[in-house]
Amino acid sequence: MPQKVILAEEDIRRALTRIAHEIVERNHGCDGLVFIGMRTRGVPLARRIAEAIREFEGVEIPVGALDIGLYRDDISSMAWHPPIRPTIIPIDIRGKSVILVDDVLFTGRSTRAAMDAIIDFGRPLSIQLAVLVDRGHRELPIRADYVGKNMPTAMDEDVAVRLKETDGRDEVAIIRSD
Amino acid sequence: MRTTKQQELPEAVPSLEAKPSRRRHILDLDDFTRDEIEFVFETADAMKEVLEREIKKVPTLRGKTLVTLFYEPSTRTRVSFEQAAKNLSADVINLSASGSSVEKGESLIDTARTLQALGADIIVMRHYHAGAPYLIAQHVAVSVINGGDGCHAHPTQGLLDLYTIREHLGTIDGAKVVIIGDILHSRVARSNIWGLTRMGAEVILCAPPTLVPVGLGAPAFPVVTVEPSLDRALKGADVIMPLRLQKERQKGGLLPTLREYIQFYQLDSRRLSLAKPDALVLHPGPMNEGIEITPEVAHGAQSVIEEQVTKGVAVRMALLYLLVGGAE
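So the protein lines, in turn, are chains H and S. Per numbering that gives the first Met the number 0, residue 0 is the first one in the first sequence, and the count goes up by one each step. Per numbering that gives the first Met the number 0, residue 0 is the first one in the second sequence, and the count goes up by one each step.
Derived from the structure by calculation, the hints contain no laboratory data. Hints may be right or wrong, so weigh each one.
[As the list claims (entries may be wrong)] Calculated cross-link-like contacts (lysine-lysine; reagent style DSS-like; alpha-carbon spacing at most 30 Å):
id, chain 1, residue 1, chain 2, residue 2
1, S, 56, S, 85
2, H, 163, H, 3
3, S, 103, S, 47
4, S, 55, S, 85
5, H, 95, S, 234
6, S, 55, S, 103
7, H, 95, S, 275
8, S, 56, H, 95
9, H, 95, H, 3
[Stated by the list, open to error] Here are the computed distance ranges between Cβ atoms for each label pair:
id, chain 1, residue 1, chain 2, residue 2, range
10, H, 135, S, 53, 35 to 43 Å
11, S, 199, H, 90, 22 to 30 Å
12, H, 164, S, 247, 41 to 49 Å
13, H, 124, S, 54, 17 to 25 Å
[To be verified] Coverage of chain S stretches by chain H, computed from C-beta distances (three or more under 8 Å per stretch; other residues unrestricted):
id, segment
14, 35-44
15, 178-188
16, 311-323
Note that the Cβ used here is the ideal one computed from N, Cα and C, for glycine as well.
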């Protein structure tokens, strides 16, 4: 399958650094921020953004991990169930600004599931969404607050986000199905 | 500026390359692969986290109906399934043989078909005859879970026992597990033997010869050791599982006297000290304290008996999740 690399390692690093600055700017500092990465690749991305903020602001922001498997709207129609991992919410999120982090924003259904899951843990002050790639084709009224790269795609294309923590290298590629 | 201590996150490395195929029924552990059991464990880990939340409810099985159909008394299995289903937002209907049309003579298959027509998605069934859940599984399209059939199998109890052992020992592989007492009548023992041996444990059965079933071992059954002396069996044990002496199933003649059984097979503090110092004590419940186990051991530091009950909810949530759904 032919694939085209859209973001290389350096591009990913720059995009995440920019997102880190935008988050601090938009929230007027780091008070009350919590990062929640969506499993699997949202978690290392959330850690990297938190690490960037620690470097330039000197503040450590808590990072959690969320598995949306139990909140999906298509469980009944799946041929097999993906493994579900524990959700870890490191602090009480009531009154906090939750920054949800995911690798790819596509239909918006995962984001919907993630918001439902977060709200089950308490009522945050706000939920904001940071994604490395926005590939379009939304099926729900959802948009990202912070985007690494807007990447127009066709429905039959696949976006592959590879990260050192999970895949051994950093890159984002578009895979064509032909 | 406020700094919050970072909680250590486990690495998000996707394991389990092999995707276990969707299973329709859970009837016994003899057809579970090692991968599938691991998959249940991992899912149960996630369910355990749900049980630690303030709001212990996720919407996963919304709109699904679970029916518990019990022809025999039960406390923990039935309540545990009900709790598990409700935590996953399923609706639960409890049916016992007394007070239902079963008393009017409705057959097993007709009862199951009626439940299916009423919209059941999963039937958890306990029956005093071995094989009853297998029979209805052949006649209905819904998923059937064996909640205990006669002296045959009790797979969900087996899985929760395995899960409890794994939680404490880290792995079941290589563990020495001693099962004591009324093995002849124990569906829990049978399911445990399948599961434990599949996961690499060494299983030792310790009982008076009259309470050991005939025909154990290869080829029909996994290889286990039978050791009639409890003192010898316990040496070096990692896990000890005394079984309830099933007085209601004793037809007489199997034991000379209860006193003699207690003398030779009761797990007490002295005998417990023969096992490894941190050996776990499990019991599928309900216990006859003072018969197969002394109260000191049952409620002592090495006992994980109450924990088994809590873990049972997480394991059953995992099983319900894995069963429901699926366009084949």
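| request: Starting from residue 56 of chain S, check that the Cα of residue 95 of chain H is at most 30 Å away, please. | output: Holds: residue 56 of chain S and residue 95 of chain H sit about 22 Å apart, inside 30 Å.
| query | Taking 30 Å as the top limit, are the C-alpha atoms of residue 103 of chain S and residue 47 of chain S close enough? | reply | violated (41 Å)
| Holds or violated: residue 95 of chain H to residue 275 of chain S, with C-alpha atoms at most 30 Å apart | Violated: residue 95 of chain H and residue 275 of chain S sit about 48 Å apart, past 30 Å.
| said: Tell me if the beta carbons of residue 199 of chain S and residue 90 of chain H are separated by a distance inside 22 to 30 Å. | reply: violated (39 Å)
| Are residue 55 of chain S and residue 103 of chain S close enough, with their CA atoms no more than 30 Å apart? | Violated - the C-alpha atoms of residue 103 of chain S and residue 55 of chain S are around 39 Å apart, more than 30 Å.
| field | Residues of the segment 311-323 of chain S with Cβ under 8 Å from chain H, three needed, outcome | value | That given contact holds, which follows from 3 residues of the segment 311-323 of chain S lying within Cβ reach (below 8 Å) of chain H.
| said: Check whether the Cα positions of residue 55 of chain S and residue 85 of chain S lie no farther apart than 30 Å. | reply: Measuring from Cα to Cα gives roughly 9 Å; hence the hint holds.
| residue 135 of chain H versus residue 53 of chain S beta-carbon gap, inside 35 to 43 Å or not | holds (37 Å)
| field | Straight-line alpha-carbon gap residue 95 of chain H to residue 234 of chain S, limit 30 Å | value | violated (55 Å)
| said: Against the range 41 to 49 Å, how does the distance between the Cβ atoms of residue 164 of chain H and residue 247 of chain S compare: consistent or not? | reply: Once the Cβ atoms are compared, 56 Å apart, the range 41 to 49 Å for residue 247 of chain S and residue 164 of chain H is violated.
| request: Take a quick look at whether residue 163 of chain H and residue 3 of chain H sit within 30 Å of each other, Cα to Cα. | output: Roughly 19 Å between the alpha carbons, so the hint for residue 163 of chain H and residue 3 of chain H holds.
| Would the pair residue 56 of chain S and residue 85 of chain S pass a check requiring their Cα atoms to be no farther apart than 30 Å? | holds (7 Å)
Checked against the numbered hints above, the structure breaks hints 3, 5, 6, 7, 9, 11, 12, 15 and satisfies the rest.
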